[in-house]
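Quick mapping for you: the protein sequence lines, in order, are chains A and B. Just so we're aligned, residue 1 is where the first sequence starts under the working numbering, counting upward by one. Just so we're aligned, residue 1 is where the second sequence starts under the working numbering, counting upward by one.
In case anyone wonders, no lab produced these hints; they're calculated from the structure. A hint or two may mislead.
Said to hold, decoys possible - Interface residues of chain A toward chain B, partial, derived using beta-carbon atoms under 8 Å: (1) Val106; (2) Arg156; (3) Thr170; (4) Tyr191.
Stated by the list, open to error - Covered by chain A, per the in silico footprint, the following chain B stretches (three or more residues, Cβ under 8 Å): (5) 152-165; (6) 186-195.
What the hints assert, rightly or not - The following label-pair restraints were derived from C-beta to C-beta distances: (7) Arg27/A - Glu76/B: 41 to 47 Å; (8) Asp82/A - Tyr131/B: 40 to 46 Å; (9) Asp82/A - Gly147/B: 33 to 39 Å; (10) Glu12/A - Asn128/B: 43 to 49 Å; (11) Ala73/A - Glu155/B: 55 to 61 Å; (12) Arg197/B - Glu57/A: 42 to 48 Å; (13) Asp69/A - Tyr131/B: 37 to 43 Å; (14) Ala127/B - Asp69/A: 25 to 31 Å; (15) Thr13/B - Ala73/A: 55 to 61 Å; (16) Thr199/B - Tyr117/A: 42 to 48 Å; (17) Ala127/B - Arg27/A: 25 to 31 Å.
From the three backbone atoms N, C-alpha and C, an ideal C-beta is built for every residue, glycine too.
2 protein chains.
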Amino acid sequence: MTVQEADDGRSETQTAIMDATYRALCRRGYADLTMQSIADEFEKSKSLIHYHYDTKEELLAAFLDYLLDKFLAQVEVADDDDPTERLDTLVEALLSGPERAGDFQVAMLELRSQTPYVEAYREAFAANDEYLAGLLAETIRDGIEAGAFCDVDPERAAETILVMIDGARTRSVVFDDDDTVANVRAAIDGYVNSHLRRTE
Amino acid sequence: MTVQEADDGRSETQTAIMDATYRALCRRGYADLTMQSIADEFEKSKSLIHYHYDTKEELLAAFLDYLLDKFLAQVEVADDDDPTERLDTLVEALLSGPERAGDFQVAMLELRSQTPYVEAYREAFAANDEYLAGLLAETIRDGIEAGAFCDVDPERAAETILVMIDGARTRSVVFDDDDTVANVRAAIDGYVNSHLRRTE
Chain A
1 MTVQEADDGR
11 SETQTAIMDA
21 TYRALCRRGY
31 ADLTMQSIAD
41 EFEKSKSLIH
51 YHYDTKEELL
61 AAFLDYLLDK
71 FLAQVEVADD
81 DDPTERLDTL
91 VEALLSGPER
101 AGDFQVAMLE
111 LRSQTPYVEA
121 YREAFAANDE
131 YLAGLLAETI
141 RDGIEAGAFC
151 DVDPERAAET
161 ILVMIDGART
171 RSVVFDDDDT
181 VANVRAAIDG
191 YVNSHLRRTE
Chain B
1 MTVQEADDGR
11 SETQTAIMDA
21 TYRALCRRGY
31 ADLTMQSIAD
41 EFEKSKSLIH
51 YHYDTKEELL
61 AAFLDYLLDK
71 FLAQVEVADD
81 DDPTERLDTL
91 VEALLSGPER
101 AGDFQVAMLE
111 LRSQTPYVEA
121 YREAFAANDE
131 YLAGLLAETI
141 RDGIEAGAFC
151 DVDPERAAET
161 ILVMIDGART
171 RSVVFDDDDT
181 VANVRAAIDG
191 YVNSHLRRTE
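Produce the complete structure using the sequences and hints provided.
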């Protein structure tokens, strides 16, 4: 068993399949995604993909879990002690996303729009969201206890931030100019500054 | 020329085609939408649809314009003098949407996710958004002048509200329980109350 396996229960092959899925989604979007287009991005045999995942839907639900793990690995590196900085790190990481963010957000919005049709996607999105809401609420709660944030309802503030992040992602697909992304980021910072941060 | 034509430049037939498109989107979503599935919801001859719109894409871009007109007709009826009430009316109308809101939001999110592939959709979404941002900013500006709202940047506050509305719509597709919609609505009200409304 490799360190990778011990870490997140995903074998090296599975991780390579996930990376291939990421590249295929960035290249072709979701509507045109097939097991073959994922295999085209995968260095090993296509049969390995079928061995691990029976259907495209099963593979993509696993991919959503993989994204959450990647996100958590990314924000754990920062490991800020200060709740204000930690919230910044979380929001920044959620907004910026992985490399090729534009192409990838398009594919993710397509995938989200399919949640009413594919139960496995809906479950995976819902589980990710619940985890992120908990993480944000915990950070806000820490901030309130440390006196850095106002005495807001942590769960509600976390929900508000997630609503804005989902809105930012949706809008970034329709309006792909840099101005729009910067405006959306400013809107979220404005909310955090005026609603959460205790002014000195 | 009917009153309808004089009003919004849309003939009765075109309005009937738009209504048929709405029903087809609610019934089948966007991915399965064809000119035939719109014709199935249309009482007159299918050839009339082709006479007015060459392609599905052209028809759906016209449909997005039609939605904006319907929205404007809806909020104009209210015609609140008070900027606080007017903002409430706009947010409520943007959040609640038309009847069969759930099915319809699914189709709209599918359509939005196609904006990078279909320029006509991107243009129509962008034009609608610009109009709505202007309408919200104007209302907020009126509220500031009337002393009801704090001295915020009206354009930025309008953008923030639109980000939250887009987030709410995206989330309502993934989380279709009533609790989630109520939470999102509470999050937006919380922002408006704490950030915009001048407390007595």
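Quick rundown of the hints versus the structure:
About 5 Å separates the beta-carbon of Val106/A from the nearest beta-carbon of chain B, less than 8 Å, and the hint is met. A cut of 8 Å between beta carbons decides the hint on Arg156/A: the least distance to chain B is about 7 Å, and the hint holds. Among the interface hints, the one on Thr170/A holds; its C-beta lies about 5 Å from the nearest C-beta in chain B, closer than the 8 Å criterion. The interface hint given for Tyr191/A is met, as the beta carbon of that residue sits about 6 Å from the closest beta carbon of chain B, less than 8 Å.
Counting residues of the region 152-165 of chain B whose beta carbon lies closer than 8 Å to any beta carbon of chain A gives 7, which reaches the threshold of three, so the coverage claim holds. With 7 residues having a Cβ less than 8 Å from any Cβ of chain A, the region 186-195 of chain B passes the three-residue criterion, so the hint holds. Distance hint check for Arg27/A and Glu76/B: the Cβ-Cβ separation is about 45 Å, which falls inside the suggested range of 41 to 47 Å. Between Asp82/A and Tyr131/B, the C-beta spacing of about 42 Å keeps the proposed range 40 to 46 Å intact.
Checked against the hint of 33 to 39 Å, the C-beta distance between Asp82/A and Gly147/B comes to roughly 38 Å, which is consistent with it. The hint said 43 to 49 Å for the Cβ distance between Glu12/A and Asn128/B, and at roughly 47 Å that hint holds. A beta carbon spacing of about 38 Å between Ala73/A and Glu155/B contradicts the range 55 to 61 Å that was offered as a hint. At about 45 Å, the CB distance of Arg197/B to Glu57/A agrees with the hint of 42 to 48 Å.
Distance hint for Asp69/A and Tyr131/B: a CB-CB separation of about 41 Å, consistent with the stated range 37 to 43 Å. Between Ala127/B and Asp69/A, the C-beta spacing of about 40 Å breaks the proposed range 25 to 31 Å. Roughly 57 Å separates the CB atoms of Thr13/B and Ala73/A, a value that falls within the hinted 55 to 61 Å. Our hint of 42 to 48 Å for Thr199/B and Tyr117/A holds, since their Cβ atoms are close to 45 Å apart.
Taking 25 to 31 Å as the suggested C-beta distance range, the pair Ala127/B and Arg27/A conforms, at roughly 29 Å.
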